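*Asks:* Given chain U, put chain E in place with the hints provided.
Residue numbers (the working numbering), protein chains in the order written: chain U, 1 to 410; chain E, 1 to 189.
For the record, the hints were derived by calculation from the structure and aren't laboratory data. This structure is a prediction, so every number in the text was calculated from the model and none was measured. Glycine is no exception: its CB is placed at the ideal position from the N, C-alpha and C atoms. You may find that some hints are simply not true.
Covered stretches of chain E (chain U as the covering partner; in silico rule of three or more C-beta atoms under 8 Å from a C-beta of chain U) [stated by the list, open to error]:
#, region
1, 41-51
2, 86-99
3, 110-122
Simulated restraints on C-beta separations [said to hold, decoys possible]:
#, chain 1, residue 1, chain 2, residue 2, range
4, U, Pro394, E, His71, 41 to 49 Å
5, E, Phe63, U, Trp91, 45 to 53 Å
6, E, Gly70, U, Phe146, 53 to 61 Å
7, U, Glu148, E, Asn87, 45 to 53 Å
8, E, Asn87, U, Glu244, 38 to 46 Å
9, E, Asn87, U, Ala355, 52 to 60 Å
10, E, Leu41, U, Gln262, 51 to 59 Å
11, U, Gln198, E, Phe62, 46 to 54 Å
12, U, Ala208, E, Arg110, 19 to 27 Å
13, U, Gln262, E, Pro69, 19 to 27 Å
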Amino acid sequence: MTPFPLPLADLLGKWGAYAVYLLIGFSFGYVLEIAGFGNSKKLAAQFYFKDQTVLKVMFTAIVVAMVFIFLTAGLGLLDYNLVWVNPTYLWPGIVGGLIMGFGFIIGGFCPGTSLVAAATLKLDGIFFALGTLFGIFLFGETVGSFEEFWHSSYLGRFTIPEWLGLPTGVVVLLVVFMALFMFWGAEKLEHVFGGVDQRRSPKWRYGAAGALVLVAAGVLLVGQPATADRWANMAPEKEALLAERAVQIHPGELLALLHDRQLKVILLDVRSEADYNQFHLQDAVRLPVTDVLAQVPAFHFEPANAVFIVMSNDEAAATEAWKLLVAESVPNVYILEGGVNNWLATFADADFQAAYATSGSGDDQLRYTFAAALGDRYPAAAPNPAKFTLEYVPKVQLELKRAPTSGGCG
Amino acid sequence: MTTYTPTETDVQPTAVRIRRVARDYVNPYFAGILLGLVLFLAFFFTGNGLGASGGLNRILVFFEDLIAPGHIDRVSYLLEMAGGDRNPLDSWVVYVTIGTVLGGFVAGWRNGRVKLETNRGPHVPVRVRWLMAFLGGTLMGYGARLARGCTSGQALSGGAVLSVGSWAFMFAVFGGGYALAYFLRKFWN
Chain U
1 MTPFPLPLAD
11 LLGKWGAYAV
21 YLLIGFSFGY
31 VLEIAGFGNS
41 KKLAAQFYFK
51 DQTVLKVMFT
61 AIVVAMVFIF
71 LTAGLGLLDY
81 NLVWVNPTYL
91 WPGIVGGLIM
101 GFGFIIGGFC
111 PGTSLVAAAT
121 LKLDGIFFAL
131 GTLFGIFLFG
141 ETVGSFEEFW
151 HSSYLGRFTI
161 PEWLGLPTGV
171 VVLLVVFMAL
181 FMFWGAEKLE
191 HVFGGVDQRR
201 SPKWRYGAAG
211 ALVLVAAGVL
221 LVGQPATADR
231 WANMAPEKEA
241 LLAERAVQIH
251 PGELLALLHD
261 RQLKVILLDV
271 RSEADYNQFH
281 LQDAVRLPVT
291 DVLAQVPAFH
301 FEPANAVFIV
311 MSNDEAAATE
321 AWKLLVAESV
331 PNVYILEGGV
341 NNWLATFADA
351 DFQAAYATSG
361 SGDDQLRYTF
371 AAALGDRYPA
381 AAPNPAKFTL
391 EYVPKVQLEL
401 KRAPTSGGCG
Chain E
1 MTTYTPTETD
11 VQPTAVRIRR
21 VARDYVNPYF
31 AGILLGLVLF
41 LAFFFTGNGL
51 GASGGLNRIL
61 VFFEDLIAPG
71 HIDRVSYLLE
81 MAGGDRNPLD
91 SWVVYVTIGT
101 VLGGFVAGWR
111 NGRVKLETNR
121 GPHVPVRVRW
131 LMAFLGGTLM
141 GYGARLARGC
151 TSGQALSGGA
161 VLSVGSWAFM
171 FAVFGGGYAL
181 AYFLRKFWN
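Excised from the complex, chain E in its bound form:
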């Protein structure tokens, strides 16, 4: 049940294939156990969990600092990361983020899933899907900063160390998703 079989809509004409047939995804419980072990080892060796939005944030601020350093120095929230001669990239979470991209690529490549394509519902034009992805991403990025963390930094990491706020956050994410899912059923199905 847990395997995912690609359907016609997954295959775009522009597909660049490295492996002919994409392998199935692994069992979710197996993936969960592996992810749990990675998370535990991260905590065990560094005292920190995982994160993604923090790294993206710092990479963004790095470029902002290149373009408008004066602006950074006037906004206290940005100042903490890149004020004066501080380098926003000088943080462990940036390296976790770079590693995430590399790891995702290698896993996809080994399993024949590196393919230029757009995953979308069967009745949605590609451009609409792209627009919605950008819009959803904007909400995600904004919400992640407001909540001081994303699914990785708050829900996974904070959940495993039993932070009250992280659990409240996690249920809010699922709640928000389910609340809106009904209205978007045509978009995904």
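Excised from the complex, chain U in its bound form:
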């Protein structure tokens, strides 16, 4: 399987990758122009029901791209987890959208189309593009006064299938039907308000609509890979890493990582609440294995220097959590070797060992009996790296972040 997304910068170099983006932009601008989006009168006509080109082009593009994205994701060619899905900030999005709607009808363009209009020397497009720059400038100067609103109603990576609680394939099919219904309505409006004779519209559009429904039905049939399917696809390769112990890191390495200021180390403690309350590493977050998948979208928003360390008392539960995270394409996930037990054996002093250590069975149970649930208020929860000299083989290698951290708007 080819890696997704393509590591363009590795394959083609930085400028080669930018050339690909230039080509994508070129195709984008070309299609906008031939669709008539460089002409403000044609764009504004959308809002007077006479010419529904804007709606037709936009929704056709959305549904065509959508069916292919989810078809290839279903076939395992594209990893939906690594696709940039605009995070939802509900109210800033709606208010911004309304302002843009006003701008659209007042100015006759949107930012992308004004670039195409300006490129074809439409003076109104040039004035609009200048206005856009001025608006962006104003935003940069004023956002400080309403930063709280701008970051409000944040729902993260929130998709329609999650919102409706429906399988992705069903949503894809519903969106296709909704788009076809809108096209039908748009053609009626053009007939009534614009006097357009739809009998003269090309007949192939019925065939195209049929093909679209068929592909969408295919998406439904193929389905989207569940975590178990994703793991099954990569199991041979990843099981080998576990067997070679390439991803189980020594407590000493973890301590060094925690004091590496270039990294953001995220400690995930998958043990029971009771064990966690007895003792946990400083800054460790308790995340039961059953809750791991719910956090995956948030983990994908972490910066490129994030390293995830999962830990249980020994390794069994941590390994389960590791498999889930790796299956969901979370980068840079490691297991604490020997778990919390080994951590305590390494960093707790002799008094501590004498007071609390018990002989354990090694079945992922805590091998210490604490007198009180003091959590991270033991010295061993945050050992001083200067006091320990440990020999270990470093295993953490930062994987180049594959999931985009910002979309086309950042």
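*Replies:* Chain E alone, transformed into the frame defined by chain U:
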């Protein structure tokens, strides 16, 4: 129906013509299919969709940084893009934006639509149209940053990957346009 025929008002006396007669625009469904394929390929190869306002934003910040670097370093929103020795142009979206301009020009040139003119309603003076275009652009630019994306980056790209926020945004854009359209009917018709 879907073809657009230029009317008298489209032709300004100052028109610089490269092709004598402008070709008709293509069928909107055909254009939509092409645009959908471009969008899909962008996602398929890069994991990212399309964008326009992000590129404009970074180009603007680049010039701001040239003029007032100290100011950039004091505003956290600008700092992310151009703080210290960061180059705001070092981002894929800038190249998409440059490509969009080039692609638009080539398409217009091949079809005889590169022409110095102002598209406007039949009863609107040119200068008023320019002013309104600037005003509309200002609102668009401001709204696009507030909504974290424009029609391309949010509506098209986010819509295709089924982001809830992008769909809410898209309906808000159409809602805003339709809400104000009635009051501007004399301006466009």
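*Asks:* Could you work out which earlier hints the structure fails to respect and list their numbers in ascending sequence?
*Replies:* 5, 6, 7 and 10
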